[in-house]
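Chain by chain, the residues run as shown.
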Amino acid sequence: MSTWHDLVTAGLIGTERAVVPAVGLPGLPPAEDEAGDPAAVLLDRAAMATAARRAGRRADRAEPLPVCEPDPRPAVGPAASRRLARLLSGEHLDLLTEWLTAVAVRGLRIPPQSLPALLDAARRGWPADSGLPRLLAEAGGPRAMWLAGLNPDWEFVATPTGDGDEAWRLGDVRQRRDYLASVLATDPDAARDLVTGGWPAAGPGDRVMFLSVLAGRLAPADEPLLEAALDDRAEDVRRWAAYLLARLPGSALGQRMAERARRCVRIEYGDRGPRLAVTPPTGCDALMRRDGITPGPARGRPQPPDRARLLLEVVARAPLCTWTEGFGLTAAQVVSVRSADWAPTLFAGWSQAAIAQGDRYWMAALLGRAITGPRPGTPAELEALRRLARRADPALGAPGALPRPELNAPPGAAGAIRVLRFRYDMLEELDVDYHR
Amino acid sequence: MPTASAARGKCRRRAYGAPVAERRDRARAPRDRGVPGGRPPGPAQRRAEQREARVASGLTELDRWLCDQVRQGLAASQRSGYRHWDDIAARMVDAQAPGLAERLRALAGVPYSGPGWEGRLLEEYALLRLLATACREQARLPPPLRDTVRSRVGFTVRQADVLASAAPVSDHWLVLARRDLDQDRIRTRRAWLRGQRTGRTALVLSFAASGELLDDSLAVGTEIDADLAFYPAAWPLRALVATRRDTVPGGPPPGVTVAGLLAGYAAALGADPWLDTWPAVLEATPARAPFPCVYDSAGDAVPLHPRAGDCWPLFALSGGRPLTMAGEWTPRGLWPLTAWDEGGPVPL
Numbered sequence: 042m043s044t045w046h047d048l049v050t051a052g053l054i055g056t057e058r059a060v061v062p063a064v065g066l067p068g069l070p071p072a073e074d075e076a077g078d079p080a081a082v083l084l085d086r087a088a089m090a091t092a093a094r095r096a097g098r099r100a101d102r103a104e105p106l107p108v109c110e111p112d113p114r115p116a117v118g119p120a121a122s123r124r125l126a127r128l129l130s131g132e133h134l135d136l137l138t139e140w141l142t143a144v145a146v147r148g149l150r151i152p153p154q155s156l157p158a159l160l161d162a163a164r165r166g167w168p169a170d171s172g173l174p175r176l177l178a179e180a181g182g183p184r185a186m187w188l189a190g191l192n193p194d195w196e197f198v199a200t201p202t203g204d205g206d207e208a209w210r211l212g213d214v215r216q217r218r219d220y221l222a223s224v225l226a227t228d229p230d231a232a233r234d235l236v237t238g239g240w241p242a243a244g245p246g247d248r249v250m251f252l253s254v255l256a257g258r259l260a261p262a263d264e265p266l267l268e269a270a271l272d273d274r275a276e277d278v279r280r281w282a283a284y285l286l287a288r289l290p291g292s293a294l295g296q297r298m299a300e301r302a303r304r305c306v307r308i309e310y311g312d313r314g315p316r317l318a319v320t321p322p323t324g325c326d327a328l329m330r331r332d333g334i335t336p337g338p339a340r341g342r343p344q345p346p347d348r349a350r351l352l353l354e355v356v357a358r359a360p361l362c363t364w365t366e367g368f369g370l371t372a373a374q375v376v377s378v379r380s381a382d383w384a385p386t387l388f389a390g391w392s393q394a395a396i397a398q399g400d401r402y403w404m405a406a407l408l409g410r411a412i413t414g415p416r417p418g419t420p421a422e423l424e425a426l427r428r429l430a431r432r433a434d435p436a437l438g439a440p441g442a443l444p445r446p447e448l449n450a451p452p453g454a455a456g457a458i459r460v461l462r463f464r465y466d467m468l469e470e471l472d473v474d475y476h477r
Numbered sequence: 046m047p048t049a050s051a052a053r054g055k056c057r058r059r060a061y062g063a064p065v066a067e068r069r070d071r072a073r074a075p076r077d078r079g080v081p082g083g084r085p086p087g088p089a090q091r092r093a094e095q096r097e098a099r100v101a102s103g104l105t106e107l108d109r110w111l112c113d114q115v116r117q118g119l120a121a122s123q124r125s126g127y128r129h130w131d132d133i134a135a136r137m138v139d140a141q142a143p144g145l146a147e148r149l150r151a152l153a154g155v156p157y158s159g160p161g162w163e164g165r166l167l168e169e170y171a172l173l174r175l176l177a178t179a180c181r182e183q184a185r186l187p188p189p190l191r192d193t194v195r196s197r198v199g200f201t202v203r204q205a206d207v208l209a210s211a212a213p214v215s216d217h218w219l220v221l222a223r224r225d226l227d228q229d230r231i232r233t234r235r236a237w238l239r240g241q242r243t244g245r246t247a248l249v250l251s252f253a254a255s256g257e258l259l260d261d262s263l264a265v266g267t268e269i270d271a272d273l274a275f276y277p278a279a280w281p282l283r284a285l286v287a288t289r290r291d292t293v294p295g296g297p298p299p300g301v302t303v304a305g306l307l308a309g310y311a312a313a314l315g316a317d318p319w320l321d322t323w324p325a326v327l328e329a330t331p332a333r334a335p336f337p338c339v340y341d342s343a344g345d346a347v348p349l350h351p352r353a354g355d356c357w358p359l360f361a362l363s364g365g366r367p368l369t370m371a372g373e374w375t376p377r378g379l380w381p382l383t384a385w386d387e388g389g390p391v392p393l
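So the protein lines, in turn, are chains A and B. Each position in the first sequence, counted from 1, maps to that position plus 41 in our numbering. Each position in the second sequence, counted from 1, maps to that position plus 45 in our numbering.
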């Protein structure tokens with residue numbers, strides 16, 4: 042008995058060279074030799090067989106998947122689901138981490154149908170954002186882990202199994218990072234002991250990893266280790282240590298920076314009100330270099346020191362109380378004092394400091410200044426404004442929280458307000474879901 | 046609440062978005078059809094007769110072309126590229142048989158559709174010859190099958206004639222699923238509806254030029270209280286919304302088993318062997334092995350359509366548990382379009 046396969050073979054070869062097979066269909070008399078064009082006969086038989094095959098199709102068998110354990114948390118509402126879709130479509134994708142954190146903190150669950158796109162977005166963002174897999178595992182819950190078990194692309198969210206201590210001694214950098222972060226979350230002193238114990242034997246990559254994890258919960262007790270790391274052999278380690286010390290309230294590095302800053306920027310009161318008299322550093326000495334100030338990108342031949350850049354780096358690392366306490370003014374007053382051509386540099390430096398030191402009053406003051414004051418124009422100012430809008434208190438995005446921008450507000454200001462508004466709405470929605 | 050006349054107005058408006066072929070056909074439809082008396086044929090009737098003649102000669106040409114393909118062997122088709130089908134499709138457009146042209150253009154991708162392409166191409170050639178033969182012999186066919194054959198060749202029925210031809214079916218229609226297709230500068234939206242009382246399934250098409258918005262009045266998961274007028278066919282599926290009353294949110298539809306789906310499709314094929322897109326509402330669980338598929342409580346499985354992609358959102362919604370899903374069943378597999386979880390309908 043010929044089959045469909047024989048018909049296809051004959052069709053593939055062509056009836057010029059192949060004989061048309063007779064196809065038997067259940068319930069029909071066997072095909073007889075028909076007169077006429079063999080090609081037409083083949084097509085007619087194929088039509089009968091096609092209809093019969095489609096109508097007589099049998100079911101296949103499947104291998105069932107494991108069943109995912111339930112997630113008792115309530116799902117986020119429709120507004121938050123739409124917000125996630127907007128984030129994933131590329132609108133403020135950089136706010137995804139904040140959204141996920143807010144979902145996890147409120148004990149909410151991500152709608153399962155959004156998880157695949159979310160996992161894909163996170164995969165593209167990883168390892169640039171080392172905290173994302175952990176956050177995704179928490180906010181995505183068992184369904185995200187279940188999906189990660191089905192698709193190798195998403196394995197990165199799977200939590201490493203095995204003994205924690207073993208992961209610390211024998212694991213790769215990622216497993217060691219995960220273990221250290223989990224210890225830091227529950228017992229900061231034990232985590233500090235792990236770092237100091239592991240420091241002498243650790244390579245430069247591990248030392249950077251140690252510091253990047255400690256950055257999540259910086260404490261005064263970290264200062265001796267960080268101060269020692271300012272003399273580390275590896276440049277990345279030195280840079281991390283300087284960055285963290287500048288964020289640590291009351292650190293010796295902060296005091297050294299405050300002295301440098303006070304030498305550079307003084308307040309003067311004249312007929313037209315206060316103004317800032319600025320004298321940027323003339324060069325970058327060894328002590329400044331040790332504290333993480335870089336004289337500029339290395340080029341082929343020696344360059345004259347970029348004094349604006351040195352000023353920016355000093356201001357960005359000086360404790361913000363240097364200005365408020367030193368001048369006896371509020372943050373909003375300090376940022377409004379005239380500083381002539383140095384205004385863009387000071388704005389960028391203060392913005393970096395406000396973000397690093399997590400100072401919401403300074404961030405609000407700088408944003409208010411940028412929206413109502415003179416146009417931010419330099420690339421450094423625009424970048425500072427962009428980052429402020431993402432790090433400032435989202436309550437600033439509430440209607441009426443910030444002064445209305447001028448009609449011809451600069452694009453940077455309008456964009457910053459949009460981001461703040463987006464963040465405010467995004468968290469409001471989740472609060473509604475949380476209280477429902 | 047929209048009134049009946051408003052609903053009719055909507056139908057008229059939507060008509061402007063109909064594809065070119067349909068519009069052209071309407072313009073040529075004989076306006077004096079059915080006028081009693083022995084008046085000499087008017088220009089409209091002469092045009093209609095000319096069209097019949099052109100389609101008939103086009104069918105002959107298509108039949109010859111199909112036989113040539115099989116005589117030379119399908120292996121040659123794979124080497125000949127897109128032009129091969131575009132040329133014969135263009136000749137069917139000239140012969141005023143746009144339905145055939147569309148089917149032929151869709152074949153250009155078959156030789157590159159993976160293993161088994163030669164079988165799929167032979168199926169399509171065979172069904173095309175069956176269609177050409179049926180259209181040539183249409184006088185011998187029962188009227189509903191004749192309507193099916195003529196509509197698949199590309200003769201269209203005016204919306205006014207659909208509304209006048211049969212009593213509309215009144216029901217609460219759940220919008221099961223929607224699928225948008227882009228082709229030839231025209232976007233088509235297929236909306237699948239299920240009558241809650243009659244259990245009938247309906248397909249409502251809407252069209253828009255590319256860049257224009259498609260009709261958004263049939264939202265997935267909603268239930269509309271409406272009268273639907275079905276196009277005459279051997280297995281009527283395509284319908285127009287004749288009158289529309291209330292719209293309310295609907296619950297999940299009752300899903301069938303895989304055996305039920307296959308039996309329903311087989312019954313419809315008995316009436317219309319060219320039917321290759323069939324509404325599926327299943328109670329099933331997705332699985333990934335031995336190939337991406339869904340299976341029911343009896344363990345019966347059907348594959349997911351290879352071109353439907355990974356279908357990860359469907360898997361994510363299921364979590365390894367059964368759920369109600371709606372989609373399009375085709376000979377290549379199920380194209381999932383909607384799934385229901387505790388939160389309601391989710392378009393996939």
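These are calculated hints, taken from the structure and not from any lab test. Any given hint could be a false lead.
Stated by the list, open to error - Restraint-style ranges between C-beta atoms, simulated for each label pair:
| # | chain 1 | residue 1 | chain 2 | residue 2 | range |
| --- | --- | --- | --- | --- | --- |
| 1 | A | 69 | B | 151 | 26 to 32 Å |
| 2 | A | 57 | B | 188 | 38 to 44 Å |
| 3 | A | 50 | B | 392 | 21 to 27 Å |
| 4 | A | 69 | B | 335 | 29 to 35 Å |
| 5 | A | 47 | B | 131 | 44 to 50 Å |
| 6 | B | 225 | A | 476 | 34 to 40 Å |
| 7 | B | 334 | A | 183 | 17 to 23 Å |
| 8 | A | 183 | B | 121 | 38 to 44 Å |
| 9 | B | 225 | A | 244 | 39 to 45 Å |
| 10 | B | 334 | A | 50 | 26 to 32 Å |
To be verified - Looking from chain B toward chain A, a few residues come up when the C-beta cut is under 7 Å (computed):
| # | residue |
| --- | --- |
| 11 | 106 |
| 12 | 118 |
| 13 | 159 |
| 14 | 167 |
| 15 | 171 |
| 16 | 172 |
| 17 | 338 |
| 18 | 362 |
From the three backbone atoms N, C-alpha and C, an ideal C-beta is built for every residue, glycine too.
Between the beta carbons of residue 183 of chain A and residue 121 of chain B, is the distance compatible with 38 to 44 Å? violated (54 Å)
Residue hint residue 362 of chain B, partner chain A, criterion CB-CB below 7 Å:
Holds: closest Cβ of chain A sits about 5 Å from residue 362 of chain B, inside 7 Å.
Does the beta carbon distance between residue 57 of chain A and residue 188 of chain B stay inside 38 to 44 Å, or does it fall outside?
holds (40 Å)
Going by Cβ atoms only, is residue 106 of chain B closer than 7 Å to chain A? Result: violated, 14 Å to nearest chain A Cβ.
Is it true that the C-beta distance of residue 225 of chain B to residue 476 of chain A lies inside 34 to 40 Å, as the hint says?
holds (37 Å)
Between residue 69 of chain A and residue 335 of chain B, is the Cβ distance one that fits in 29 to 35 Å? holds (32 Å)
* To do: Starting from the hint 39 to 45 Å, judge whether the C-beta atoms of residue 225 of chain B and residue 244 of chain A obey it.
  => The hint (39 to 45 Å, Cβ to Cβ) is violated, given that residue 225 of chain B and residue 244 of chain A are roughly 54 Å apart.
Report task. Please verify that hint: residue 172 of chain B, Cβ, nearest Cβ of chain A, below 7 Å or not. Result -> holds (6 Å)
task: Determine whether the Cβ-Cβ distance between residue 50 of chain A and residue 392 of chain B falls within the hinted range of 21 to 27 Å.
output: The hinted range 21 to 27 Å is violated for residue 50 of chain A and residue 392 of chain B, with Cβ atoms some 42 Å apart.
* Asked: Is the hint on residue 167 of chain B kept, meaning its closest Cβ partner in chain A is under 7 Å away?
  -> Holds: closest Cβ of chain A sits about 5 Å from residue 167 of chain B, inside 7 Å.
Agreement of hint residue 338 of chain B with chain A interface, Cβ distance less than 7 Å: This interface hint holds because 5 Å falls under the 7 Å limit.
* Asked: How about residue 118 of chain B: closest beta carbon in chain A under 7 Å, or not?
  -> With a closest approach of 3 Å, the residue 118 of chain B hint holds.
Violated hints, listed in ascending order, are 3, 5, 8, 9, 11 and 13; each of the other numbered hints is respected by the structure.
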